[in-house]
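What follows is each chain in one-letter form.
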Amino acid sequence: MIEFLNSIQNSLIYKNFFLVLSGLDNTILLLLISLPVGFVLALLFALGRVSKIALLSRTIASYIFVIRGTPLLVQIYLIYFGLGSVKFIRESFLWYALKEPFWCGVIALTINTVAYGAEIFRGGIQSIEKSQVESGLSLGFGKFLLLRKIILPIAIRKVLPSYGNELILMVKATSLVSLTTYMEMTGIARKIMAKTFAPVEAFIAAGILYLFLNFLMVQFVKYLEWKYNPHLRLNN
Amino acid sequence: MFKFDKLVFGDAGWGDEFLIATLMTLLVSILSMGLGLFLAIITVWAKIIQNRITRFIGNFYTTVIRGVPELLVIYLIFFGGNAVVMSIAKVFGYNKYIELNALTIATIAIAVISATYSSEVLRASYLAISKGQIEAAKALGMNKFSIFFKVISPQVIRHALPGIGNVWQITLKDTSLISVTGLVEIMRQSRISSNVEHSPLTFLITAAILYLCLTTISGRVFKTLEVNYSKGFST
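Protein sequences appear in the order of chains A and B.
With the working numbering, letter number 118 in the first sequence gets 118, and the count goes up by one each step, no holes.
With the working numbering, letter number 2 in the second sequence gets 2, and the count goes up by one each step, no holes.
Warning: the hint list may mix true and false statements.
[Unchecked claim] No farther apart than 30 Å at their CA atoms in a straight line, the calculated lysine-lysine pairs in the BS3-like style are these: (1) A/Lys172 <-> A/Lys227; (2) B/Lys144 <-> A/Lys172; (3) A/Lys87 <-> B/Lys223; (4) B/Lys3 <-> A/Lys195; (5) A/Lys227 <-> A/Lys130; (6) A/Lys158 <-> B/Lys223; (7) B/Lys223 <-> A/Lys52; (8) B/Lys131 <-> A/Lys99; (9) B/Lys3 <-> A/Lys191; (10) A/Lys99 <-> B/Lys223; (11) B/Lys144 <-> B/Lys131.
By construction, these hints were calculated from the structure, which means they are not laboratory data.
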């Protein structure tokens, strides 16, 4: 038995697992900043997209078009390599953030998720029945109250499943930040592969952790769906 | 800052290199989309036949690949693909060193990822076909093949086209990750050019514009196809 345990402890997967685990906090740090900021900005952008101000709506539409039409990798490289090569950015205060691969990753991930999130929320806002807005208006709700009490709660509740999908895509997208020398889980797994020539073991270690993260994310979204859809619960 | 004059064709600029790189991106996308659809059909088949083992394998495959970053899958196939192929070859008594070329590895890696998305789309559109139609086809004495090709396929294609269009866009954008394997497609070409010319902004913007053109044009193509395949069905 002890021999068996020792053999597990000496196995490559076991060692890799703890090596990759040390990158978990870096992955989570990326998500902890980009997801909440992305959520708030996506809501604002969605409201701007459905607003009647043509210029605002059109600008946001083209922003969404460009971001959704290009790969995330291009966006990350543009921010990390592209902006870093411009002289006046290197001399401005922006450089304090842009010289760190971490902040470049956060900025790129946020820009990306805002575009996808805004499109998702727009669908939610536009699918609200007119009668609900009208009944709010007839109760004397102002614009802001209407937004806070009727439009946003219903819209967010409706799009929770698709926004949950976007959250999972974001968890996976953090792996691309490793290409800017930021050492999160994929970066460490890549280093292990290069060092030990054992790709499968490194892959399994990192893959399990990503699956676990995504599993947590799915449970979180399920909980939110349960919480904000009390009328759909079977037994209450 | 910008050196867009370096994008001319010929020896003085990178125009022709970018053209070839764009074609390479398209080639990888089309090949892996095709292989992915083929794998997806097998996966759907494994999931819908009444067999616990195949269903488990199908579900395991889609869950794992969709829960793991694309980059990690590409690394695995890029670094581990050769070893797998060589060990398979050993079974057949071939002991020499085999090296897969970058295009093959890229196609397989992207196809493995794209197939998981396609399989969900295809499965949903297969389940949208009412059972009565298949029963009717059986009652007419059609065999399995003609049921598949004359009853199921045309409807699956019609239902699945919008979803397949989305998968195509994802696949096209995923090919940018293939640059880590050294295959010269748009992303890799823009890194090479910017390293030579010391102007990353120029060539990364070029890459972004090229991707934007590819996604926009292919989006149009899929719209046309959708209109074509939904003839007679008012939308």
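Next item on the list: May I ask which of the numbered hints given earlier this structure violates, with the numbers listed in increasing order?
Entry: Of the numbered hints, 2, 3, 4, 8, 9 and 10 do not hold.
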